[in-house]
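The sequence shown begins at 1 in full-length UniProt numbering and counts up one residue at a time.
Read the hints as simulated data drawn from the structure, not as lab findings. Everything numeric in this text was worked out from a predicted model, so none of it was measured. The beta carbon of each residue, even a glycine, is placed where N, CA and C say it ideally should be. Some clues are possibly wrong.
Pairwise CB distance ranges (calculated) [as the list claims (entries may be wrong)]: (1) GLU31 <-> ARG115: 23 to 31 Å; (2) LEU8 <-> ARG115: 30 to 38 Å; (3) LEU242 <-> ALA310: 15 to 23 Å; (4) ASP87 <-> PRO173: 38 to 46 Å.
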Amino acid sequence: MSGSADRLPRLLALVPYLMSHPGAQVGEVAEVFGLSEKQLIDDLQLVWMCGLPGHTPGDLIDVSWDGGEIVIDNADTIARPLRLGIDEASALLVALRMLGAMPEFAEVPGDALPRVVAKLERAAGEGAAAVSSQVAVDVDAAPDALPRVRDALTRKRRLSLRYYVPGRDEVTPREVDPTRVMVVDGRTYMEGWCYRAEAMRLFRLDRVVGVDVLDVPADPPADAEPIDVTQGVFRPSPTDELVELEVSAAGRWVAEYYPVEDVTELGEGRLRIALRARDEDWVLKLALRLGDSGRVTAPEAMAERVRAEAERALALYAHQT
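Kindly generate the complete structure, drawing on both the sequences and the hints.
Structural data, given as structure tokens:
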């Protein structure tokens with residue numbers, strides 16, 4: 001984190017941490033905050049210039065790091081750790097409850113997770129607890145899919161899948177060596193080496209039509225690497241078709257939610273967005289979801305298909321009413 005928007009909350013967390021950890025070493029603190037030692041020292045130099053109005057030596061925070069040991073003083077006014085806001089605490093409580101709903105955690109002995117949830121609810125107050133309690137957490141795996149995947153992972157066995165591909169509206173047979181189960185963007189996925197694709201793939205468990213555990217040892221290639229999902233599941237390919245959309249202020253979320261190749265400001269909050277589309281059906285669903293807050297402008301054939309589908313949907317709606 002290097003931008004000013006990231007630096008301020010980091011500094012507000014850094015000072016209370018140093019006050020509660022006297023004698024902390026530069027290297028240790030840098031590791032805790034995910035920084036290089038140079039970045040941490042840059043932050044300490046900025047802390048040294050902060051303090052109460054007046055800006056006399058008695059008003060400023062006193063910090064030194066000679067010999068690698070960080071000593072901080074005169075920082076009592078901001079030594080108290082930051083409190084989570086209602087939205088932050090609610091999001092954390094929902095995530096913890098999702099973990100508790102996973103079968104893997106149901107079999108873990110002890111009550112560590114419930115105790116963490118209870119402690120966080122007490123610290124966050126009634127507002128966050130009330131908001132998070134209104135969210136129902138449901139792991140959306142197809143019937144029998146998750147237990148069989150877990151069984152295969154435990155016994156290191158290959159899986160035989162029948163997997164629905166919505167882009168082609170077909171069910172395909174797959175043999176997969178599973179490597180892990182994860183929840184991304186509220187969906188449950190199995191990651192594994194797919195012998196049909198000869199590559200690592202993610203499979204949404206709610207699209208698994210059938211699954212059998214084979215009496216064959218799972219043996220993914222030694223050089224098979226986990227799929228990076230930190231930026232979401234969908235990662236476009238350079239060979240995917242380039243699609244352009246124009247969106248109003250209400251549709252700007254597309255540029256933040258999906259990987260895009262180019263974004264141009266058009267004024268009055270509007271954007272022109274260029275992104276790679278994995279298939280036409282995906283673009284069609286996105287365009288219909290946008291409604292009057294966005295439209296496909298290129299390629300022309302795709303724009304025409306969206307118009308035709310929108311007109312068909314409107315005609316069906318008019319007929320029903």
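Hints, one by one, checked against the model:
{"no.": "1", "hint": "GLU31 <-> ARG115: 23 to 31 Å", "verdict": "holds (27 Å)"}
{"no.": "2", "hint": "LEU8 <-> ARG115: 30 to 38 Å", "verdict": "holds (32 Å)"}
{"no.": "3", "hint": "LEU242 <-> ALA310: 15 to 23 Å", "verdict": "holds (22 Å)"}
{"no.": "4", "hint": "ASP87 <-> PRO173: 38 to 46 Å", "verdict": "holds (44 Å)"}
Violated hints are absent here; each numbered hint is respected by the structure.
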